[in-house]
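2 protein chains.
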Amino acid sequence: MTQNKSQMDFYPTRMRRNSKIIPRTDSVVYGESFVSLSEDNAKFFEKNGYLIFENLFSENEIKSLFDELKKISLDESKKDSPQFILEETDKEVRSIFEIHKQSKMYGGLCRDRRVLDVARQLLGSQVYIHQSRVNLKPGFDGKEFYWHSDFETWHSEDGMPSMRALSCSISLTDNFEFNGPLMVIPGSHKQFVSCSGKTPKKHYQQSLKRQEVGTPDKEILEAMVREGGIVTAKGKAGSAIFFDCNIMHGSNGNITPYPRSNAFFVYNSVKNKLTDPFCGLPPRPDYIASHDFTPLEPVKNFLVSQR
Amino acid sequence: MTQNKSQMDFYPTRMRRNSKIIPRTDSVVYGESFVSLSEDNAKFFEKNGYLIFENLFSENEIKSLFDELKKISLDESKKDSPQFILEETDKEVRSIFEIHKQSKMYGGLCRDRRVLDVARQLLGSQVYIHQSRVNLKPGFDGKEFYWHSDFETWHSEDGMPSMRALSCSISLTDNFEFNGPLMVIPGSHKQFVSCSGKTPKKHYQQSLKRQEVGTPDKEILEAMVREGGIVTAKGKAGSAIFFDCNIMHGSNGNITPYPRSNAFFVYNSVKNKLTDPFCGLPPRPDYIASHDFTPLEPVKNFLVSQR
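If you're matching them up, the sequences are chains A and B in order. FYI, this note's numbering numbers position 183 of the first sequence as 183, with every residue one higher than the one before it. FYI, this note's numbering numbers position 217 of the second sequence as 217, with every residue one higher than the one before it.
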């Protein structure tokens, strides 16, 4: 059934058939003792699949992160590297992948105890960065991103075997209700939606702009929203949302003048290392799905640590 | 300068030059005594250019309006008339123009004292319907509508001389923050943005789907939002928003499963009858910009009146 010979596929998807629900067999919270978050936080994450921390980073810290980003964005020597995704129209930088390797400051940020400890405690193990990027979503014509589960893609295209990963998105700009904030469907992380269709070759070249294969049917989304509703991740710059690798999420477009930028880190457990992609195609490039499984060492404060 | 020979043009636009601001010379609130709204309501409208009434219509009333809509939408004999705008993909009804003529119930709705009296008192005169429609904005792929002033179009393409008109949008479905609700820029109604570009022939055939000519520059929008912020018209089905003909407004797309439907009436003062379009082209069809200036007679309750 699956095309991955080396590993059992508990979450088959993109077998061309219709969408269908497969109940999650993996845990959501793997840790047993919590220091950087409360028991209640952990329970909330278990139940809802996300967790928002307001003001996790200070105004000063956000300013430093922004200045660093500007500096990198203006570095013409880097614009040709595949990690830099440019707008088709004006060649402005839209996303930078592997930001934790492109910048010492962002390398520190993903190791900062305020985020790394939460990831390690929820996943109950050491973790490494599966993917990192910053998004510079412009105002006026920010595009929508349709509903999807990240795990569906990481499993199918990257060979991530189990649901033992989570994302942390740190807001670098204010998230209003009207500038296309992240929307999640609470509770949707407990069901895996096996999607219809077949993964095209080099799918990532297109899917990072607009995903079609790997998105669920309308009926399934309706049922999930009827059950769990929709929560939008509003909040000031400096807030952070952690969300489970399998939670259904998306974002509307943004015609307002307010841009929406964030730093985005995917933490995967070192006990959940990538195997061959379950779709049977070659894996995506390393800057999108890392094969460097070295556990992250925490730093107390990313701004201090890099000096 | 203008192409309308019969009438002075106080708000020249689409002269191919850049956007520029022309201060509003017309009043916002024309009435002097208020019965269906408070003095504070009128002051709020004067200052901000909009007014929201929660629960203006009951659940039962909304249900009747919805049932009526379904009945009309399913009437195959009407689908070919120009008033019916269909989705390109599945030929579902997306908008119905002149709804107040297509349906006795909606004809009663726009005369219902709860809305008509507000319009008459704010505009300080008898009023007629310049345009009416219902929008059936679907969930999952509702398109965004970019920032614009309605008056800019009605002046340029319909020959509306002055700013003495307002719109009332009655929600037939719940407006959440995430299903593409109307967004307005408070205070923006006090400035007219003269837009760049030139009106193409039969512009309405395209502009009702996606407006490009008649939209302001980014710099002007940024300044307006810096000044006034953005307000989203959230609220339960049955709420209504009144907004000035010149307020800058738009809406984001909608990937959520929640559709967003509304009944939309444009009230124009009988003292502000249409003249020739200021863009110099023939006027738009009557079902988009009416030349029937007969004042509306109020009814106490639209559901009772039609029986």
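No lab work stands behind these hints: they were computed from the structure. Any given hint might turn out to be false.
As the list makes no split between identical chains, a pair holds if one copy fits it or if it spans any two.
Heads up, simulated EDC-like pairs for lysine to aspartate or glutamate below, C-alpha to C-alpha not over 16 Å straight-line [unchecked claim]: (1) Lys43 with Glu227; (2) Lys78 with Glu144; (3) Lys234 with Glu177; (4) Lys218 with Asp141; (5) Lys198 with Glu76; (6) Lys79 with Glu227; (7) Lys236 with Asp117; (8) Lys273 with Asp9; (9) Lys79 with Glu212; (10) Lys104 with Asp80; (11) Lys273 with Asp26.
We went through each hint and held it up to the structure:
With identical chains, the CA atoms of Lys43 and Glu227 are never at most 16 Å apart, being 19 Å at best within one copy and 42 Å at best between copies. In this assembly of identical chains, the alpha carbons of Lys78 and Glu144 never lie at most 16 Å apart, being 27 Å within a copy and 34 Å across copies at closest. Proximity of Lys234 and Glu177 under a CA criterion of 16 Å is satisfied in both settings, with 6 Å inside one chain copy and 11 Å between copies. Taking identical chains as interchangeable, the C-alpha atoms of Lys218 and Asp141 lie at most 16 Å apart only when they sit on different chains, with a minimum of 11 Å there against 25 Å within one chain.
For the identical chains of this complex, Lys198 and Glu76 are neighbours neither inside a copy (37 Å) nor across copies (38 Å), given an alpha-carbon limit of 16 Å. Neither within a single protomer nor between protomers do Lys79 and Glu227 lie at most 16 Å apart by alpha-carbon distance, with minima of 44 Å and 35 Å respectively. With identical chains, the CA atoms of Lys236 and Asp117 are never at most 16 Å apart, being 22 Å at best within one copy and 41 Å at best between copies. With identical chains, the CA atoms of Lys273 and Asp9 are at most 16 Å apart within one copy only, with a shortest distance of 14 Å there and 70 Å across copies.
Within a single copy, Lys79 and Glu212 get their C-alpha atoms no closer than 27 Å, and across copies no closer than 31 Å, so neither meets the 16 Å cut-off. When the C-alpha separation of Lys104 and Asp80 is checked against a cutoff of 16 Å, the pair qualifies neither within a copy, at 20 Å, nor between copies, at 62 Å. In this assembly of identical chains, Lys273 and Asp26 lie within 16 Å of each other by CA distance solely inside one copy; the values are 15 Å within and 68 Å between copies.
Going down the numbered hints, you'll see the structure goes against 1, 2, 5, 6, 7, 9 and 10, while the others check out.
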